[in-house]
Amino acid sequence: MYALDVDRLTVSYFDTHALDGVSVRLPVASLIGIIGPNGAGKSTFLKAVLGLIPARIEQLRVLDQSLEDVRSRVAYVPQRSAIDWDFPVRVQDVVLMGCYPKLGLFKRPSKAQKAFAMDCLERVGMSDHAERQIGELSGGQQQRVFLARALAQEAELLLLDEPFVGIDVASEQMIIELLRTLRAEGRTIVVVHHDLHKAEDYFDTLMLLNKQLIAVGPPSDILTPEWLEPAYGLPLFERRKEGQG
Amino acid sequence: MTFIEALLQYEFLQKAMITAVMVGIICGVIGCFIILRGMSLMGDAISHAVLPGVAISYLLGINFLIGAVVTGLVTALGIGFVSQNSRIKNDTAIGIMFTSAFALGIILISFLRSSSDLYHILFGNVLAVRPSDMWMTVIIGLIVLGGIFLFYKELLISSFDPTMAQAYGLSTRWIHYGLMTLLTLVTVASLQTVGIILVVAMLITPAATAYLLTNRLSRMLFLAGGFGTLSAIIGLYFSFTYNLSSGASIVLVATTLFALVFVFSPRHGLMRHRKRKESTV
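So the protein lines, in turn, are chains A and B. Letter by letter, the first sequence follows residues 1 to 245 of the numbering used here. Letter by letter, the second sequence follows residues 1 to 281 of the numbering used here.
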């Protein structure tokens with residue numbers, strides 16, 4: 001079973017391709033990093049897979065089913081810049097939103113769901129902040145609250161868009177530990193990531209993207225000049241190779 | 001005769017009060033979603049776009065709610081179409097579409113009715129409210145409040161995190177146009193009280209005042225409705241006692257309340273901001 005099975009995904013804005021014929025299969029119960037230069041279409045890939053932007057796609061299976069059947073089991077954590085941090089919601093309100101996909105129209109979260117949301121907040125170590133407005137937290141704390149929301153959603157597939165941007169080292173460490181725990185529980189986590197030197201340590205599988213799929217596989221195979229050069233077009237790797245040789 | 005005595009004695013003043021209070025509540029409540037979604041200019045646009053609808057309804061002899069909702073929604077759709085299918089930015093598209101609709105409305109009204117009617121539609125005259133207007137406002141109020149109560153959860157998540165809302169299958173487009181429909185209804189209900197030109201003040205100012213006082217959306221809705229009500233009551237008092245324009249009086253009271261909260265709000269007021277800045281230096 002694959003967490004994501006994508007066949008020939010193409011996204012175009014007016015005349016230019018943001019993504020061009022990307023076919024990829026990502027395994028379940030793993031921590032997957034999507035890397036590539038700026039403008040490579042990393043975030044676009046996540047959004048297209050979720051059907052948030054118009055895309056052409058030959059075939060898409062999510063957790064071995066059609067997207068419509070598994071929507072409520074897929075959680076998306078947006079980029080920090082996509083959120084209005086002055087919005088009048090408290091931390092516990094945000095986590096409770098994780099219950100919304102399961103609730104029908106007109107239904108309110110039950111007592112049990114509220115208690116479950118608080119448990120999820122506890123798991124990310126943020127229960128002391130339940131009453132705080134979301135914008136009063138640090139970047140790392142905000143990211144943990146959004147992870148708690150994904151937990152409250154009981155998501156099996158988590159898609160995180162640049163979760164480590166603008167947060168401190170301690171929070172980053174805490175979040176990666178948490179993601180590892182989630183993987184051990186059998187969940188799949190896909191992370192858009194731009195920091196190459198931590199990629200090897202963090203992920204089991206890397207997906208290297210630059211409008212097209214350059215390569216996918218274990219980090220030790222992907223983080224080599226052979227693959228990084230065509231993706232990034234940097235002479236940097238060339239020089240390092242010469243220096244080593 | 002004091003305002004209270006007059007209120008007890010005159011039926012026209014009671015009707016004016018009921019209508020103005022209802023308008024204050026629904027403008028405040030729907031205004032919260034308008035300002036949180038960054039759609040203040042859109043609120044202004046939709047309220048102006050109601051004018052040609054009102055004119056066409058008179059021409060056809062139908063209820064002017066129908067015409068108003070149609071031209072309001074056509075304008076909202078037009079704005080979306082222009083900004084999505086060209087490089088024109090959203091605020092520019094809004095500027096083009098609503099001024100066009102408004103200009104068309106002025107021409108149509110001038111063909112149909114006297115200039116004093118146009119004046120009343122543009123600026124409102126709550127003291128001349130008829131029983132039918134009052135009942136229409138009350139019914140619209142119940143529809144708007146009922147809609148927001150039923151779709152509270154959807155409105156909250158699509159305003160705070162539209163990407164997550166879409167990701168789990170919520171149609172943010174339908175929510176947007178649903179909100180635009182409620183906005184046209186609110187504008188029509190406000191015609192008599194504050195008029196087309198100033199309705200945007202009642203949508204934005206009480207909601208913005210509430211926004212400075214709380215960190216919870218549910219409380220913000222109640223506070224905004226409260227500020228709208230307070231503005232309506234005090235504004236009507238000034239309008240009746242000193243023979244001032246009702247819409248303008250209500251709006252200026254709302255502005256005064258905003259100014260007070262802007263300076264003194266314990267959480268987000270000017271004083272607090274200054275203190276915080278000093279303490280960080």
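Simulated from the structure, these hints should not be mistaken for laboratory data. Glycine included, every Cβ here is placed at the ideal spot set by N, Cα and C. Honestly, I wouldn't trust all of these hints.
Computed footprint of chain A on chain B; a stretch qualifies when at least three of its residues, placed anywhere within it, have a C-beta under 8 Å from a C-beta of chain A [to be verified]:
hint : stretch
1    : 154-162
2    : 166-178
3    : 216-228
Simulated pairs of lysine-lysine, BS3-like, Cα-Cα distance not exceeding 30 Å [said to hold, decoys possible]:
hint : chain 1 : residue 1 : chain 2 : residue 2
4    : A       : K102      : B       : K275
5    : A       : K111      : B       : K153
6    : A       : K114      : B       : K153
7    : B       : K275      : A       : K107
8    : A       : K114      : A       : K102
Verification of the supplied hints:
Evaluation of the coverage hint for the stretch 154-162 of chain B: fulfilled, as 6 residues show C-beta separations to chain A shorter than 8 Å, against a requirement of three. Check result for the stretch 166-178 of chain B against chain A: holds, 4 residues qualifying (beta carbon to beta carbon below 8 Å, three or more required). With 4 residues carrying a beta carbon less than 8 Å from a beta carbon of chain A, the stretch 216-228 of chain B meets the three-residue requirement, and the given coverage holds. A distance of roughly 44 Å separates the Cα atoms of K102 (chain A) and K275 (chain B); the hinted pair therefore is violated under the 30 Å criterion.
With a CA separation close to 16 Å, the supplied pair K111 (chain A) and K153 (chain B) stays within the 30 Å bound. Restraint check for K114 (chain A) and K153 (chain B): satisfied, since their Cα atoms lie roughly 14 Å apart, inside the 30 Å limit. For the suggested pair K275 (chain B) and K107 (chain A), the alpha carbons sit about 43 Å apart, so the restraint of at most 30 Å is broken. Pair hint K114 (chain A) plus K102 (chain A) holds up; C-alpha atoms about 13 Å apart against a cutoff of 30 Å.
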